[in-house]
Amino acid sequence: MYQFLKNLDRRWIFLSMLLAVAIPILSRIVFPEVVSKQAKMVFDAVESLPEGSNILLSYDFDPASEGELLPMAQAFTRHCSVKGHKQYYMALWPLGSPMVDKSLDTIRSEYPDLEYGIDYMKFDYKAGGEAVIRMITTDLRGMFPLDSQGVSLDEIPMTKNIKNIQDMDLIINVSAGDPGTKQWVQFASTPFGITTVSGCTGVQAPQMYPYIPKQLAGVLGAIKAAAEYEAAIDESYPEIAANPKAQEAKRRMGPQLVAHGLMVGLIIIGNCIYYVGRKRGDV
Amino acid sequence: MKRLVPLIIAICAGFVLIIANFIPYAQNWGSTAQEWFNILAVGAMVLGGGNLIKLHLMKVSAKNKGWGYSVVTIGCFFATLIIGLSKMGVHPNPIYPDYAWSGYYLEEGSGLWWIYEHMVVPLTSMMFAMLAFYVATAAFRAFRAKNTEATLLLVTAGIVLLGRTYAGVWLFGWLPESMEWLRFDNLTVWIMDIPNTAGTRAITIGIALGVVATSLRILLGVDRSYLGQD
Numbered sequence: 001m002y003q004f005l006k007n008l009d010r011r012w013i014f015l016s017m018l019l020a021v022a023i024p025i026l027s028r029i030v031f032p033e034v035v036s037k038q039a040k041m042v043f044d045a046v047e048s049l050p051e052g053s054n055i056l057l058s059y060d061f062d063p064a065s066e067g068e069l070l071p072m073a074q075a076f077t078r079h080c081s082v083k084g085h086k087q088y089y090m091a092l093w094p095l096g097s098p099m100v101d102k103s104l105d106t107i108r109s110e111y112p113d114l115e116y117g118i119d120y121m122k123f124d125y126k127a128g129g130e131a132v133i134r135m136i137t138t139d140l141r142g143m144f145p146l147d148s149q150g151v152s153l154d155e156i157p158m159t160k161n162i163k164n165i166q167d168m169d170l171i172i173n174v175s176a177g178d179p180g181t182k183q184w185v186q187f188a189s190t191p192f193g194i195t196t197v198s199g200c201t202g203v204q205a206p207q208m209y210p211y212i213p214k215q216l217a218g219v220l221g222a223i224k225a226a227a228e229y230e231a232a233i234d235e236s237y238p239e240i241a242a243n244p245k246a247q248e249a250k251r252r253m254g255p256q257l258v259a260h261g262l263m264v265g266l267i268i269i270g271n272c273i274y275y276v277g278r279k280r281g282d283v
Numbered sequence: 284m285k286r287l288v289p290l291i292i293a294i295c296a297g298f299v300l301i302i303a304n305f306i307p308y309a310q311n312w313g314s315t316a317q318e319w320f321n322i323l324a325v326g327a328m329v330l331g332g333g334n335l336i337k338l339h340l341m342k343v344s345a346k347n348k349g350w351g352y353s354v355v356t357i358g359c360f361f362a363t364l365i366i367g368l369s370k371m372g373v374h375p376n377p378i379y380p381d382y383a384w385s386g387y388y389l390e391e392g393s394g395l396w397w398i399y400e401h402m403v404v405p406l407t408s409m410m411f412a413m414l415a416f417y418v419a420t421a422a423f424r425a426f427r428a429k430n431t432e433a434t435l436l437l438v439t440a441g442i443v444l445l446g447r448t449y450a451g452v453w454l455f456g457w458l459p460e461s462m463e464w465l466r467f468d469n470l471t472v473w474i475m476d477i478p479n480t481a482g483t484r485a486i487t488i489g490i491a492l493g494v495v496a497t498s499l500r501i502l503l504g505v506d507r508s509y510l511g512q513d
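Residue numbers (my numbering), protein chains in the order written: chain P, 1 to 283; chain B, 284 to 513.
Where hints are given, some of them may not hold.
Covered stretches of chain P, as calculated for chain B (at least 3 residues, CB under 8 Å) [said to hold, decoys possible]:
no., segment
1, 43–54
2, 125–136
Among chain B residues calculated to face chain P with C-beta under 10 Å, some are [unchecked claim]:
no., residue
3, Ile365
4, Gly394
5, Trp397
6, Gly441
7, Thr480
Everything labelled a hint here was simulated from the structure, so no lab data went into it. These figures come from a predicted structure and were not determined experimentally. Where a beta carbon is used, it is the ideal one built from N, C-alpha and C, also for glycine.
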């Protein structure tokens with residue numbers, strides 16, 4: 001047994017990881033979620049605002065992180081839509097713009113009463129990263145004279161009175177790296193006191209915790225927090241709970257549970273081999 | 284001159300931004316500098332593209348190992364550039380019907396949209412997904428409790444791995460209310476809130492002090508390494 005495990009071909013590990021992910025996906029296992037303090041803080045930040053509040057949603061991620069972050073972004077979109085907030089979308093990553101489009105598609109298909117230009121709108125991608133944030137904190141039109149469809153901001157009902165992003169009641173940033181949450185905290189949230197919440201990858205989350213609660217009103221870290229956020233929305237809005245498309249993060253927690261269990265199992269087996277080997281003088 | 288002019292530009296831009304940050308009267312100077320920066324950022328993208336082509340063309344002409352990949356890179360670069368710039372398959376914006384190129388560059392069904400949906404999305408997602416397989420083999424072969432520090436790290440990783448799933452609740456659901464803090468999900472929250480935040484904060488403050496020191500060296504012209512060797 002020891003010799004078998006010591007010389008185990010890595011392809012068996014690849015196969016076990018494939019099964020650990022594939023079986024829960026195919027069997028559609030969904031586990032219950034307990035809403036954590038962080039998810040509740042983010043939920044409350046959106047929920048506590050009165051209807052019609054201005055919310056800037058910056059989706060700073062690309063397809064590489066789509067699996068981890070898109071369910072979170074969609075949950076933000078649904079929550080803002082059901083609350084009747086005015087949603088201003090933008091992206092600091094070149095490939096972030098299509099991520100925003102997916103949220104706009106969600107609004108169009110699930111909230112047909114909401115109108116482009118009145119309830120939601122989109123700024124197109126602009127190069128510059130943090131410089132874009134710095135600019136729009138004082139002069140929105142200097143950076144974005146037009147929306148993504150080429151219409152002047154002065155002709156769009158929901159932007160004609162917006163001078164800069166200090167007019168926003170909340171910034172929601174979904175981020176997979178730089179530019180992302182850190183830059184929003186440094187150049188928008190902290191200097192101008194704009195309430196900001198973040199949804200980020202699991203790798204990034206530990207770096208965001210020191211900003212809570214003054215510079216960030218809450219952080220959703222990875223798909224687990226997205227599932228908790230979905231659970232929080234479901235508790236308050238039964239119509240969203242009944243929508244299977246709005247349970248995507250919860251559905252992705254099944255593969256995560258089995259894969260994490262496999263990882264812990266592999267670490268334990270690996271260490272057992274190490275200790276037996278050391279005892280036998282093999283190491 | 285080759286080094287002096289960029290040095291003066293960098294020092295002036297740096298001081299303008301500092302002054303604009305602290306003196307309200309000079310706030311507009313900062314905005315103007317930001318506008319210049321954004322124009323330069325676009326220029327940098329062109330420079331980046333040019334550099335990519337130069338390096339790969341050199342690799343192809345020298346027939347270095349893997350030069351075939353460079354041919355693919357150059358081909359994909361130009362194909363994407365031409366399809367994107369010409370807005371192939373994009374319909375004119377209904378607001379400006381007379382302008383052929385006024386449509387949205389990623390319009391559904393357009394050439395660039397096809398590249399994005401059928402090449403960029405699957406390729407980047409695949410690269411990220413493959414990490415799971417490599418981390419799994421690394422977990423089996425490399426994560427060893429060789430000493431106290433490594434053991435602490437492994438135990439913490441195990442708690443967080445399970446605590447970030449429903450297993451954290453399910454495994455220790457039998458614990459009485461007074462001992463619920465021992466549940467892996469609660470321990471994960473504690474690890475993230477206390478030791479992680481303390482460590483990250485210390486690192487962040489250290490980095491910030493380092494950035495201040497380096498910025499001062501650049502602003503005063505002491506550190507000129509960013510200008511290159513020649």
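Hints that the structure is at odds with (numbers, increasing): 1, 3, 4 and 5
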